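A.B. asks: I would like the entire structure built from these sequences, with the hints used as guidance.
Start counting the sequence shown at -11; every next residue gets the next number (our numbering).
By construction, these hints were calculated from the structure, which means they are not laboratory data.
There may be inaccurate statements among the hints.
Unchecked claim - Now the in silico label distances, taken between C-beta atoms and shown as ranges: (1) T(-4) with D141: 30 to 36 Å; (2) K139 with V(-7): 17 to 23 Å; (3) I110 with S72: 24 to 30 Å; (4) G14 with R175: 52 to 58 Å; (5) T37 with K173: 42 to 48 Å; (6) T(-4) with D131: 15 to 21 Å; (7) M142 with E111: 27 to 33 Å; (8) E111 with N(-6): 29 to 35 Å.
Claimed, not checked - Computed list of lysine-lysine pairs in DSS-like fashion (alpha-carbon distance at most 30 Å, straight line): (9) K47 with K82; (10) K139 with K124; (11) K169 with K124; (12) K139 with K89; (13) K139 with K169; (14) K41 with K159; (15) K74 with K89; (16) K159 with K169; (17) K74 with K47; (18) K159 with K(-8); (19) K47 with K124; (20) K89 with K47; (21) K82 with K41.
Values in this document were obtained by computation on a predicted structure and should not be read as measured data.
Think of the CB as a built atom: it goes at the ideal place given N, C-alpha and C, for glycine as much as any other residue.
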Amino acid sequence: MRKKVNITDGIFPMPVLMVATYNDDGSVNVMNAAWGTMQDRNIVALNLTETHKTVQNIKARGAFTVSIADAAHVLEADYFGIASGKEIPNKLEKAGLTTSKAETVNAPVINEFPICLECEFIEYQNSTYGCGVIGKVVNVTADESVMPNGKLDMSLVNAIAFDPYTHGYYKVSERVGEALKDGLKLR
-11 MRKKVNITDG IFPMPVLMVA TYNDDGSVNV MNAAWGTMQD RNIVALNLTE THKTVQNIKA
49 RGAFTVSIAD AAHVLEADYF GIASGKEIPN KLEKAGLTTS KAETVNAPVI NEFPICLECE
109 FIEYQNSTYG CGVIGKVVNV TADESVMPNG KLDMSLVNAI AFDPYTHGYY KVSERVGEAL
169 KDGLKLR
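C.D. replies: Quick look at the structure:
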């Protein structure tokens, strides 16, 4: 038997994405954004309001990075979601993380997160059913620790997902099937 569950603002699992930009003074700003997805192979969409310091930075700089948060840094990832860049300009330093400049865009890469998408800002959309930053992914880098034999192994990333029903984080690390292949057995 099925039971009614309250409507919430998301679908589980939701990726935990770290969006990083440079502030006007060149310092780093990072925010936690669980409301993000890929719209196409190289187009990322982040459901963010214009009031975020991060969105203001993206518009000013024309670039941003999106890193996939991992279980080893859940504390820092959550902090980036509760601390505002407008109120705490040195969030990155307080979290004890480091950055390097992205290879292809004017934005920082957070060194401790295993995967990073470098994005060029395309546009900001604002409509009745949502708002957000649209970016073109122009480069993706991964830490060598998640690339045995030079190939990305997502089970080593230990990505975390956000549960909007209970506000929990969950580790996503076990491969359970082969996409676009396993279902063929039912033909």
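A.B. asks: Indicate, hint by hint, whether the structure satisfies it.
C.D. replies: Hints, verified against the model:
{"no.": "1", "hint": "T(-4) with D141: 30 to 36 Å", "result": "holds (32 Å)"}
{"no.": "2", "hint": "K139 with V(-7): 17 to 23 Å", "result": "violated (39 Å)"}
{"no.": "3", "hint": "I110 with S72: 24 to 30 Å", "result": "holds (25 Å)"}
{"no.": "4", "hint": "G14 with R175: 52 to 58 Å", "result": "holds (56 Å)"}
{"no.": "5", "hint": "T37 with K173: 42 to 48 Å", "result": "holds (45 Å)"}
{"no.": "6", "hint": "T(-4) with D131: 15 to 21 Å", "result": "violated (33 Å)"}
{"no.": "7", "hint": "M142 with E111: 27 to 33 Å", "result": "holds (30 Å)"}
{"no.": "8", "hint": "E111 with N(-6): 29 to 35 Å", "result": "holds (33 Å)"}
{"no.": "9", "hint": "K47 with K82", "result": "holds (25 Å)"}
{"no.": "10", "hint": "K139 with K124", "result": "holds (23 Å)"}
{"no.": "11", "hint": "K169 with K124", "result": "holds (29 Å)"}
{"no.": "12", "hint": "K139 with K89", "result": "holds (23 Å)"}
{"no.": "13", "hint": "K139 with K169", "result": "holds (20 Å)"}
{"no.": "14", "hint": "K41 with K159", "result": "holds (28 Å)"}
{"no.": "15", "hint": "K74 with K89", "result": "holds (22 Å)"}
{"no.": "16", "hint": "K159 with K169", "result": "holds (24 Å)"}
{"no.": "17", "hint": "K74 with K47", "result": "holds (16 Å)"}
{"no.": "18", "hint": "K159 with K(-8)", "result": "holds (26 Å)"}
{"no.": "19", "hint": "K47 with K124", "result": "holds (14 Å)"}
{"no.": "20", "hint": "K89 with K47", "result": "holds (18 Å)"}
{"no.": "21", "hint": "K82 with K41", "result": "holds (17 Å)"}
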